[in-house]
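Hey, can you work out the whole structure from these sequences and the hints?
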Amino acid sequence: NAGVTQTPKFQVLKTGQSMTLQCAQDMNHNSMYWYRQDPGMGLRLIYYSASEGTTDKGEVPNGYNVSRLNKREFSLRLESAAPSQTSVYFCASSGSGGAKTQYFGPGTRLLVL
Amino acid sequence: GQQVMQIPQYQHVQEGEDFTTYCNSSTTLSNIQWYKQRPGGHPVFLIQLVKSGEVKKQKRLTFQFGEAKKNSSLHITATQTTDVGTYFCAHQANSGYALNFGKGTSLLVTP
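Residue numbers (this note's numbering), protein chains in the order written: chain Z, 56 to 168; chain Y, 5 to 115.
Mixed in with the good hints, there may be bad ones.
[Said to hold, decoys possible] Some, not all, of what chain Z presents toward chain Y, calculated at C-beta under 7 angstroms: (1) Phe65; (2) Gly97; (3) Leu98; (4) Tyr119; (5) Pro138; (6) Thr141; (7) Thr156; (8) Phe159; (9) Pro161; (10) Gly162; (11) Leu166.
Hints were generated in silico from the structure; no laboratory data involved.
All C-beta atoms in this analysis are idealised placements derived from N, C-alpha and C, irrespective of residue type, glycine included.
In structure tokens:
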């Protein structure tokens with residue numbers, strides 16, 4: 056089992072460019088999440104998908120869109136990147152029931168110039 | 005959403021010293037989870053506490069959930085350089101799905 060995988064690992068964008076961060080999990084989890092991590096700010100939830108076919112905003116959704124492509128895949132899109140979106144992005148997944156331990160991917164380090 | 009406050013933000017100890025990080029909430033929490041993130045790595049689940057006054061141990065790590073379920077602590081006995089990283093507490097958000105994370109405590113251990 057690969058767990059949660061994310062691509063790309065690193066990306067440099069210019070202001071105004073767009074890109075999609077990909078995430079996939081092979082644990083048959085129902086729920087998937089996107090977080091961003093900035094120094095001193097901890098992990099902040101951007102969007103989550105409780106189950107296939109549903110998505111909901113988290114704490115910091117502005118400037119992002121998501122797609123739950125199927126049960127395995129959950130992508131995050133930046134339509135017009137801004138320097139404020141320079142961050143490390145983590146995808147996570149969790150099963151249903153209980154208190155939902157989250158399993159994180161290795162992260163995507165994004166720099167917007 | 006509900007916020008949990010973690011203190012301290014940073015801690016620097018000599019190898020062999022003990023370390024404690026605290027997670028505090030103004031409201032009652034249904035559960036608390038702890039995660040560890042090594043430098044350059046991703047958060048990894050350590051443990052979950054659910055019951056009032058619960059205490060769980062993992063080798064040198066002791067986790068506690070307060071009687072009022074408003075605070076939690078992680079204590080490491082005799083730290084080692086492998087304990088270096090950031091420790092996050094997290095609790096289940098009102099949505100029932102997402103987690104609200106504290107800002108973390110970064111631990112540095114010098115030999």
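**Asked** Checking against the hints above, which ones are violated?
**Response** 1, 4, 5, 6, 11
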